[in-house]
Amino acid sequence: MKAYVFPGQGAQFPGMGKELYETNTEAKKLFDQADEILGFKISEIMFNGTADELKQTKVTQPAVFLHSVILAKTTADFKPEMAAGHSLGELSALVATGALSFEDGLKLVYERALAMQEACEINPSTMAAILGLEDAKVEEICASINDEVVVAANYNCPGQLVISGSNKGIEIACEKAKEAGAKRALPLPVGGAFHSPLMEPAREKLEKAIEATSFNSPICPVYQNVSTKGETDVETIKKNLIAQLTAPVKWTQSVQNMVADGGAEFVECGPGKVLQGLVKKIHREAEVSGL
1 MKAYVFPGQG AQFPGMGKEL YETNTEAKKL FDQADEILGF KISEIMFNGT
51 ADELKQTKVT QPAVFLHSVI LAKTTADFKP EMAAGHSLGE LSALVATGAL
101 SFEDGLKLVY ERALAMQEAC EINPSTMAAI LGLEDAKVEE ICASINDEVV
151 VAANYNCPGQ LVISGSNKGI EIACEKAKEA GAKRALPLPV GGAFHSPLME
201 PAREKLEKAI EATSFNSPIC PVYQNVSTKG ETDVETIKKN LIAQLTAPVK
251 WTQSVQNMVA DGGAEFVECG PGKVLQGLVK KIHREAEVSG L
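One point on numbering: in our numbering, the residue at position 269 of the sequence shown is 269, and numbering is uninterrupted.
These are calculated hints, taken from the structure and not from any lab test. Positions of the beta carbon are idealized from the N, C-alpha and C atoms, including for glycine. Check the hints yourself; a few may be wrong.
[Said to hold, decoys possible] Listed next, the in silico SDA-like pairs over lysine to any residue satisfying Cα-Cα at most 25 Å (straight line): (1) K273 with H283; (2) K41 with G272; (3) K55 with I122; (4) K229 with I122; (5) K208 with N240; (6) K79 with Q253; (7) K280 with K239; (8) K239 with D104; (9) K280 with K41; (10) K107 with V190; (11) K107 with P158; (12) K250 with N216; (13) K79 with K208; (14) K58 with G10; (15) K250 with R284.
[What the hints assert, rightly or not] Computed beta-carbon distance windows for the label pairs: (16) K137 with E22: 42 to 50 Å; (17) E121 with S289: 36 to 44 Å; (18) N216 with D261: 17 to 25 Å; (19) A260 with D135: 27 to 35 Å; (20) D135 with T50: 21 to 29 Å.
Take these sequences, add in the hints, and give me the full structure.
What follows is the structure, given as structure tokens:
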């Protein structure tokens, strides 16, 4: 079966989407529409902005979403039998599979980005990648830090788990991970503790926005970060999407379930090649490619 996977924040690069805009009239129309919906020229920042301008959460999230969704919408043989997205990419997957309209999806992504940026300002916090330790060991280290918030946030692939929490908590956890034999414990250049309890203010805001948005059943199962299962029920999809901001991204488990359900060919739809690499590490026999 053919699975389409959609990247999250961090996949952006200067010049993203420009070729698509210049060579495809449908893509041009959608980028122009996006500028109108957002009330600023995001296309201009994507095509000609610097890496620093693209790094602001309120720009990054809609930029990655737009590149992914417009790619899907302008690919003639886009016929997914299953789909999934990493963090922000879950919204791209839901729009690409028809669960949300382009306009509603973009509005939700922007709302999500602003809410997350605001939550980061309330609670200065960060994330770090722990490489070369068993997931269970990293979870144990997080649980052993009592006075600070530190949780497992992104199960990216075996041996690569991203943790999220307060600045102090992440510092302690990185030290403990190195002592426990981690190959590396790398603080990440992010604005806050995504997928942790510190995102609660953002979750509350997003919940209101999601409840006010109209959803349909997607054309194929979408494997969600929270449940790791292929979902088609509208209420379940909404519930998981709301929970996602404060819950971990279970990417390893989602890909394992897609493989168990028949997924053999994984196509990354969006900027970069990060997910192709992760899928290969999770399931060596998978065929991977990018649009």
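Here's how the hints hold up against the structure:
no. : hint                       : in the structure
1   : K273 with H283             : holds, 16 Å
2   : K41 with G272              : holds, 22 Å
3   : K55 with I122              : holds, 19 Å
4   : K229 with I122             : violated, 33 Å
5   : K208 with N240             : holds, 14 Å
6   : K79 with Q253              : holds, 23 Å
7   : K280 with K239             : violated, 29 Å
8   : K239 with D104             : holds, 17 Å
9   : K280 with K41              : violated, 36 Å
10  : K107 with V190             : holds, 22 Å
11  : K107 with P158             : violated, 34 Å
12  : K250 with N216             : holds, 24 Å
13  : K79 with K208              : violated, 32 Å
14  : K58 with G10               : holds, 13 Å
15  : K250 with R284             : holds, 18 Å
16  : K137 with E22: 42 to 50 Å  : holds, 48 Å
17  : E121 with S289: 36 to 44 Å : holds, 39 Å
18  : N216 with D261: 17 to 25 Å : holds, 22 Å
19  : A260 with D135: 27 to 35 Å : violated, 18 Å
20  : D135 with T50: 21 to 29 Å  : violated, 36 Å
Comparing the model with each numbered hint stated earlier shows that hints 4, 7, 9, 11, 13, 19 and 20 do not hold.
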